[in-house]
Structure formats: structure tokens, C-alpha cells
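Asker: Below are the chains, spelled out letter by letter.
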Amino acid sequence: MTLETTFMVIVLALIAMTDAAFSGFRASCGRTGLVNRGRLDAIAASRGVFVLAVAEAILIVVLAFGKPSSSGLPEQFDRAGRAMLSVYIPFAVVIILGLLAYFTLSWRRRFLAVAVLLGPLTLLRPLIAIGGLVLAVASTGSAFIRLTFVAAVCTCLIVEPTCEHLWYRRPKTRAGLGLYSPD
Amino acid sequence: MNLVSPGASAESATECRPLEITDLIMGWDEQGVRLPISQATATQALSARGQAQAVRILRRLPTQDGMLVDSAVDETVLRVHLELQRLAEELQQPRRVLEHINLRVEALLATATNAPVYVIDVGCGLGYTARWLSARGGLDPRVHIIGVDTNRTLIEAATRLAGTERLGCRFVCGDAARLEGLVDDPRRAVIVSSGLLHHMSLPQIRQLVESHSYHHVDSFAHWDLVPGKWSVLGAWLFHRARMREAISRHDGVASARRAWSAEELLSATSGISANYDLLCRDPGAIRPPLTSVLRPLVGTVREK
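Residue numbers (our numbering), protein chains in the order written: chain E, 1 to 183; chain V, 1 to 304.
This is chain E alone, in the form it adopts within the complex (with noise of 0.2 Å):
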């Protein structure tokens, strides 16, 4: 694997494990109903980043044995991945720019950041994540590349709705509510 190819998968694995914690937050949020959750929403972000950690470890053991012996697989690894980026990177940018107005700008104004950026891109996160797909699938020629990563965003997108289900599902009832703390 070149420099070039490692540092390409060091970024793809970073943008997944951003939006791993995002994910498990969202997952959390609505939820507990407390006001200081700090601790809460910690723990939220980290079980998405677990999530995913484990979903992507079956994902490359089951590769691991169906990868073909192909001469020119890692040359289509690369160019895939970087299709794939092309269009996260620059969703990604403006997320951080996003969340950089959100921490920065005064409480007065920090609603802009989620009115304008944040929110719209949460809705869109989906397509993006499929649009980066479509690009990277259509970049190669290898069929076990591109099941490779359509499974790699299958398991980011599965994140959320996962840790939902596994943790924050919980119908808060009139006895369970404000004795809800983590699992």
C-alpha cells in the first residue's frame, strides 16, 4: 500500500468515525431530558464510534476471505476511495465550518449554525453518503471493490438507527423518566 493509498484510508476512517459519534449523539438526543448531560452525550457519541468500530471489523474479516487474487485490486482501491472523497471531503469541510460557527459565534446567533448548516445537512447526509458511492462504484471495475465499499457505508449509515435501537429506543414512562441514565 503506497503513502498516498494510507493516508487516503486514514482520512476515510476518520470521516466515518466523525459521523460514527454523530451519529450515536443523534440517537441519544431527545431522550433523557435532562440539562446537564455532558456526560450523557459522551457516552452517546462514543457507542456510535463502537458501532461502527464493530460493524467495520465483521465487514473486513468476511472481506479478508473472499478477496480475490487480483494483480491491480489495490489500484482500484485507491481510485475508488478518492472518487469517494471527492465528494465527502468538501461535506465534510463545511460541517466543521458548521460546528467551528456553532462553538464560536455568540449564544444569540449560534441558531444559525444549526437553522442554516447543520440541520439542512443532517437531511442530506444520506444522499451525500450514496452520492460518494455512486462516484466510487462508478470509478472501478473490480466487483468486490465495489462491494466493499457499499458495504463500508451501509455500516455508516446503520450506525444511528443501531445504537437507537440498542440503547435509546426506550420509551421514557411516567416511572422511568429522570431515573434514565446510561445502560
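If you are wondering where the hints come from, they were derived from the structure by calculation, not from laboratory data. The beta-carbon is built from N, C-alpha and C at its ideal position, and this holds for glycine as well. Take every hint as true, because none was put in to throw you off.
Covered by chain E, per the in silico footprint, the following chain V stretches (three or more residues, Cβ under 8 Å):
id, region
1, 85-94
2, 131-144
3, 228-239
The calculated label-pair distances, taken between Cβ atoms and stated as ranges, are:
id, chain 1, residue 1, chain 2, residue 2, range
4, E, 109, V, 44, 40 to 48 Å
5, V, 102, E, 9, 46 to 54 Å
6, V, 64, E, 89, 52 to 60 Å
7, E, 97, V, 30, 49 to 57 Å
Once you have looked at the hints, place chain V on chain E.
Answerer: Okay, now just chain V, sitting in the frame of chain E:
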């Protein structure tokens, strides 16, 4: 900014406003006894306004002999209000309330050394604003924070949430317009609400403000959505992106459609009392209300 002053034409057509599902599925009588809610009746009310989607959502709620099952309704309404708290968080609503009440609270504290000052959040729901003020407001210990709501389920949950975080605020189940027995001296009370007014008709809003005047409260500020297409679009976007419950998504948009304009609010409350200066401003129709999604109807006691 359009500054609208009280005195323009009064009543507006309330009947054509869309209904919120959460307003239809729970109810209590004056003694606080839970009223049984017929699914058919609630459905008819929604159908009459052409709210087909709301009808479909309502029909998913469990029933027994045609009546909505209280425990299922409670769970649903709690989930909706937990999600609704996100909106208050992202809009920084408690900070807005704190910024607004600080001056009045300080002035009242200065008038008497030991007498308490009351901040009363009417229609408090899960009491997020009251709990936030209690947890992070940094208010003087002589400031008593009280949340009031007619919804017993939400008040019980708010009390539990405050207990979990060991907060000093308290929650009372009752009518927002009645302060008897709630505080010792209503003249030392600052009344606030967030997102309450669109649940009420204009005559009810007038009644609420009349009650403030009757009790001679120090001041009041009722925040609610600015009406208009921007608010409807923003509500749709926010609720699609952040809410999971179908009722949350429906009611979020319905809230924006139900919102009263500053002109309507000031007309409805005009002439109630010479004791208060009333103020309510809507941003212009063209500019989106990005930093003032909720704006207050403010009543401040006139200096004598």
C-alpha cells in the same frame, strides 16, 4: 422590523387554524381528573380541517372501546416533549428568558431585602426552561422558580427530572391564569412562557393577560413562534432533521401554522390595563426570522 402597537382590529378566524394532535389526545377537568378521549371525536376534529396525515397518526394510537389508552398517550406525549426540549436547547430559549428576566428580577430584589421574587413559567411542559434557569441561571437564592402546566403527566415528569438533577425549582399542576395559592405576593412575580400562545385562542390569550393584570404581576413575557412561510419551512426542516416521533413532526409544523402575529396578539390584549406597556414585534415578512424564531409578547409594569 415592524413595530405594532395595540389597538388595531381584534378577533381573527381561529377556526381555520390546523390542530395539534397533542392538544386533542389529553385533557383534565377543573378538579384535575383525567378526561377520557374518544379517538373518533379527535379524528373528526382533524378531518374537519382536512388534516389527513394527522388522522393517520392519531389512528395508530392504541384504543380500548374507542377511547384512547391513557398510558400509551402518556408515553407518546412524553416522548414528544422530550424531543421538543431539543428545540428549546437549539434555540437557546432559556438563555433568552434569563436575559429578559434578569433586569426585572434584579429590580425586584432591590426593593426588599428578604422577600422572594418569583419566576413562573406557565405552560411549562417538561419544565426545561425552569430547570435550566435553576441549574445554570445563576439566579439569586431568593428567586423562586416555578413551572405551571395543566398537564399532570408532564408536571410529574418535570418534577422527577428536577429531582434527578437536584434542582431547586418546583412544578405545580394548575391553570396558568390562576396565581392564588401559588405565590405569596404576585406583585413580585415575573411570568414567562415559551411556545404557549399558539395553543390558545385569542380570547384565551386575552384572559391570560387579564389574569396577569388582575394579580398585578410585575411583568410578563410570552415567547412564541413568529408566523409566516419562513417559520413553517424552518419548522418542517428542523423537525424532519431532529425529531423521530410522527406527532412531533406533525405538531411542529402545525405550531408554526397556528402562530399568532404580533398585530393579532396586541389587538387581542389591548385595553386590558393601563398598568402595563405591551410590546410585540415581528420581523418583516421577507427576512427569515433566523435569530428570533420565538419572539415575546412583553408586558412591563408602567413606572408611576
